[in-house]
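Visitor: Using the sequences and the hints given, assemble the complete structure.
There are 2 protein chains.
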Amino acid sequence: MATQEYPQTAANKVNRYGNRANYDAEFIHGLVNTTPVLHVSFNPEPGSLTPIILPMIGQVGQYPGDEEPHVYLHGYVSSRIMKMGADSTSEGLPLCVAATKIDGYVLALTPNSHSYNYRSAVLQGTATVITDLEERLWAMHLVTNSVVADRWENTRVPPDNVELQSTRIMKMKITTASAKVRDGGPEDDKKDLKRDGVVAKTWTGVIPFYERLGAPIASTYNKVKTVPNYIKTFVDKQNEVAQRTANEAAMLEYGKKK
Amino acid sequence: MATQEYPQTAANKVNRYGNRANYDAEFIHGLVNTTPVLHVSFNPEPGSLTPIILPMIGQVGQYPGDEEPHVYLHGYVSSRIMKMGADSTSEGLPLCVAATKIDGYVLALTPNSHSYNYRSAVLQGTATVITDLEERLWAMHLVTNSVVADRWENTRVPPDNVELQSTRIMKMKITTASAKVRDGGPEDDKKDLKRDGVVAKTWTGVIPFYERLGAPIASTYNKVKTVPNYIKTFVDKQNEVAQRTANEAAMLEYGKKK
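Just so you know, the protein sequences line up as chains A and B, in that order.
So the first sequence is numbered by our numbering: it starts at 734 and just counts up by one.
So the second sequence is numbered by our numbering: it starts at 734 and just counts up by one.
Heads up, none of these hints are tricks.
Heads up, the list lumps identical chains together, so a pair's fine if it works in one copy or across two of them.
25 Å max Cα-Cα, derived BS3-like pairs, lysine-lysine:
1. Lys-970 <-> Lys-958
2. Lys-934 <-> Lys-924
3. Lys-956 <-> Lys-927
4. Lys-956 <-> Lys-923
If you are wondering where the hints come from, they were derived from the structure by calculation, not from laboratory data.
Note that this is a predicted model, so its numbers are computed, not measured.
Guide: Laid out in structure tokens, this is it:
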């Protein structure tokens, strides 16, 4: 990928807890690509005081021939954001995209020192609705298989004309991006660690937090008797990685990099 | 509570899938209060083209004496949003707050009909940093116990002056709010349901998705030998409700209200 690390600018510089900051492109893209719902913010019109947030499904990917990766966002033709992206000038609709993972609740001696273990990325850029059919199909494939690996190949494809009419893909050029990470156990102030009575009676540690996929439930019209292997494998792998990631984050020494 | 249902205006009206829309205040507040990380968006300066999103911890609550519930957001004194909230005019800093829960991946015969089961709320309003000590402590208690029930009472409280100096609470007046819900199994088009070959080979249904809390991991300086009951009970209850909610959503008939 062309971008190894995003530059630190006034727009994306992490002021609070600079030691938790991360501008690594691979890390940021990976976080977007493993977050099942992104939060996308935009101003409904130029000069709006209050932005809007939409939950959306998206992926970072680099289309063959492009010089850098973009964020691809999936949506419906009639939605406001897609209309704005299509109506927009060639510079595109300014967007902010956030991807957030909680890895644990960090319980300290005093409420003020409580925290979350988390990984969080915020990206800004400008987005346009893509019109090239080949790139649209490439992006739909990318997004579909991000939800369940190999799902595209195991469904009725390609989309027909009516389906292509109703689905829009926005492509955001990434202008700034940054991430923050917090892991490890709690970190209490010396003043509290010295208070034997407080330490003796207050449980401190981490409650790991992760996303879990349950046993698949067939639809009323499903005719496939057993859950296919590609789905079982996907569910098991997701669950293993999610639980392990949260547990590992909890057991790291606070503030140390993996 | 004073507000039973938020009015439908141009700002919050749900255009796409109007049947999934929900303006019920209790539902919206409940969603905010069970979402461990909220996404908060604002414009870094008036006339900004691109908003910023911050992941934050918050709760809806009604302070004794207030006529309506507000969103309380927890943050650090040095963060940009808190500086803006404190510097702001008496009207407050315009914010958008989003709370999103995924309940399942909905797998249909064709990628275009894939969906998520989800519950999503978006609130807009104006926020100020609160200065009244009693209300600040009330809000810190509210937010702390939203992460782990009864945690406040089981830690070293109240916060001392240094702690009070470093923590800020923003209070957002809710001006508009709406929610969307999708539940049930997949819904395919007749054209695909009639294709016996497609139906025979494509598994359709829902993979339930929920948040899971793992077994608590003690800190290096923890002296409490067993995990206290209030934490165990909290973890078990959260896990039971989360899994049940996702499974129930998957088994509802598509589009029917619970």
